[in-house]
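Chemist: So you can see what is in the structure, the chains are spelled out below.
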Amino acid sequence: DTAVSQTPKYLVTQMGNDKSIKCEQNLGHDTMYWYKQDSKKFLKIMFSYNNKELIINETVPNRFSPKSPDKAHLNLHINSLELGDSAVYFCASSPATSGHEQFFGPGTRLTVL
Amino acid sequence: QKEVEQNSGPLSVPEGAIASLNCTYSDRGSQSFFWYRQYSGKSPELIMSIYSNGDKEDGRFTAQLNKASQYVSLLIRDSQPSDSATYLCAVNSNYQLIWGAGTKLIIKP
Numbered sequence: 002d003t004a005v006s007q008t009p010k011y012l013v014t015q016m017g018n019d020k021s022i023k024c025e026q027n028l029g030h031d032t033m034y035w036y037k038q039d040s041k042k043f044l045k046i047m048f049s050y051n052n053k054e055l056i057i058n059e060t061v062p063n064r065f066s067p068k069s070p071d072k073a074h075l076n077l078h079i080n081s082l083e084l085g086d087s088a089v090y091f092c093a094s095s096p097a098t099s100g101h102e103q104f105f106g107p108g109t110r111l112t113v114l
Numbered sequence: 394q395k396e397v398e399q400n401s402g403p404l405s406v407p408e409g410a411i412a413s414l415n416c417t418y419s420d421r422g423s424q425s426f427f428w429y430r431q432y433s434g435k436s437p438e439l440i441m442s443i444y445s446n447g448d449k450e451d452g453r454f455t456a457q458l459n460k461a462s463q464y465v466s467l468l469i470r471d472s473q474p475s476d477s478a479t480y481l482c483a484v485n486s487n488y489q490l491i492w493g494a495g496t497k498l499i500i501k502p
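Listed in order, the protein sequences are those of chains A and B.
Per the numbering used here, residue 2 is the first one in the first sequence, and the count goes up by one each step.
Per the numbering used here, residue 394 is the first one in the second sequence, and the count goes up by one each step.
Some hints here could point you the wrong way.
As the list claims (entries may be wrong) - Okay, derived cross-link-like pairs now, DSS-like style, lysine-lysine, Cα gap no bigger than 30 Å in a straight line:
| hint | chain 1 | residue 1 | chain 2 | residue 2 |
| --- | --- | --- | --- | --- |
| 1 | B | LYS395 | A | LYS72 |
| 2 | A | LYS20 | B | LYS501 |
| 3 | A | LYS68 | A | LYS41 |
| 4 | A | LYS37 | B | LYS460 |
| 5 | B | LYS395 | A | LYS42 |
| 6 | A | LYS41 | B | LYS501 |
| 7 | B | LYS497 | A | LYS72 |
| 8 | A | LYS45 | B | LYS395 |
| 9 | A | LYS45 | B | LYS497 |
| 10 | A | LYS41 | B | LYS395 |
| 11 | A | LYS10 | B | LYS460 |
| 12 | B | LYS449 | A | LYS23 |
| 13 | B | LYS435 | A | LYS37 |
| 14 | A | LYS23 | B | LYS435 |
| 15 | A | LYS68 | B | LYS435 |
| 16 | A | LYS45 | B | LYS449 |
| 17 | B | LYS435 | A | LYS42 |
| 18 | B | LYS497 | A | LYS37 |
Claimed, not checked - A few chain A residues that don't get close to chain B, going by computed Cβ distances all over 12 Å:
| hint | residue |
| --- | --- |
| 19 | VAL13 |
| 20 | GLY17 |
| 21 | ASN18 |
| 22 | ASP19 |
| 23 | GLU25 |
| 24 | ILE56 |
| 25 | LYS68 |
| 26 | ALA73 |
| 27 | LEU84 |
| 28 | HIS101 |
| 29 | GLU102 |
| 30 | LEU114 |
Just so you know, the hints here were simulated from the structure itself, not pulled from any lab data.
All C-beta atoms in this analysis are idealised placements derived from N, C-alpha and C, irrespective of residue type, glycine included.
Whenever a hint applies, use it, and build me the whole structure from the sequences.
Modeler: Shown next as structure tokens:
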């Protein structure tokens, strides 16, 4: 059974397009996250939701909009894609907001041409 | 700005030797510490968590924590080529994990 799943695994698109990435976890966790990992491999937090409520919103362009329809799902919509958005995006979940380990999805490799 | 520092490496270790990976952190209030392994093209995978000072052993892995020195380390005994990966240190601070940039470990056969 896949614990944290993401779709799609690969996404190639043109500059200016709008795209979405979906994430689902079946671990019963309360908290979900979006991370961006660039070519230098640094893992940067973008957003965190706890029971559908936004709790972390780092300095991310407002072209990025997360949505959590329920606590098992966290989607990421990106408007007007730019070259610099090319990266691997990871979804993760944890039992609660503080002090707990996080479990990662397989990642979505986004390439903007 | 809370920080977690790791040597980026690469750290090259002969097969069968002990690999030692180090991490320092800036938030004195941190209570939870994690080591993740990330193979190239894959997602980070939790390998160890530690919450109190001292050593915690799990198979060939030992995590060591010294809160006074704000230092956490990971020892890998009897290193295998399959241990070659990037190791990420993560420290809990203010409802999120602060991540180090990772140390690339290469185990030479």
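Chemist: Each of the hints needs a verdict: does it hold here or not?
Modeler: These are the hints, each one checked on the structure:
no.	hint	in the structure
1	LYS395/B <-> LYS72/A	holds (28 Å)
2	LYS20/A <-> LYS501/B	violated (42 Å)
3	LYS68/A <-> LYS41/A	holds (27 Å)
4	LYS37/A <-> LYS460/B	holds (29 Å)
5	LYS395/B <-> LYS42/A	holds (19 Å)
6	LYS41/A <-> LYS501/B	holds (23 Å)
7	LYS497/B <-> LYS72/A	violated (34 Å)
8	LYS45/A <-> LYS395/B	holds (13 Å)
9	LYS45/A <-> LYS497/B	holds (18 Å)
10	LYS41/A <-> LYS395/B	holds (20 Å)
11	LYS10/A <-> LYS460/B	violated (39 Å)
12	LYS449/B <-> LYS23/A	violated (36 Å)
13	LYS435/B <-> LYS37/A	holds (14 Å)
14	LYS23/A <-> LYS435/B	holds (18 Å)
15	LYS68/A <-> LYS435/B	holds (25 Å)
16	LYS45/A <-> LYS449/B	holds (28 Å)
17	LYS435/B <-> LYS42/A	holds (11 Å)
18	LYS497/B <-> LYS37/A	holds (19 Å)
19	VAL13	holds (16 Å)
20	GLY17	holds (28 Å)
21	ASN18	holds (24 Å)
22	ASP19	holds (25 Å)
23	GLU25	holds (15 Å)
24	ILE56	violated (6 Å)
25	LYS68	holds (20 Å)
26	ALA73	holds (18 Å)
27	LEU84	holds (21 Å)
28	HIS101	violated (7 Å)
29	GLU102	violated (5 Å)
30	LEU114	holds (20 Å)
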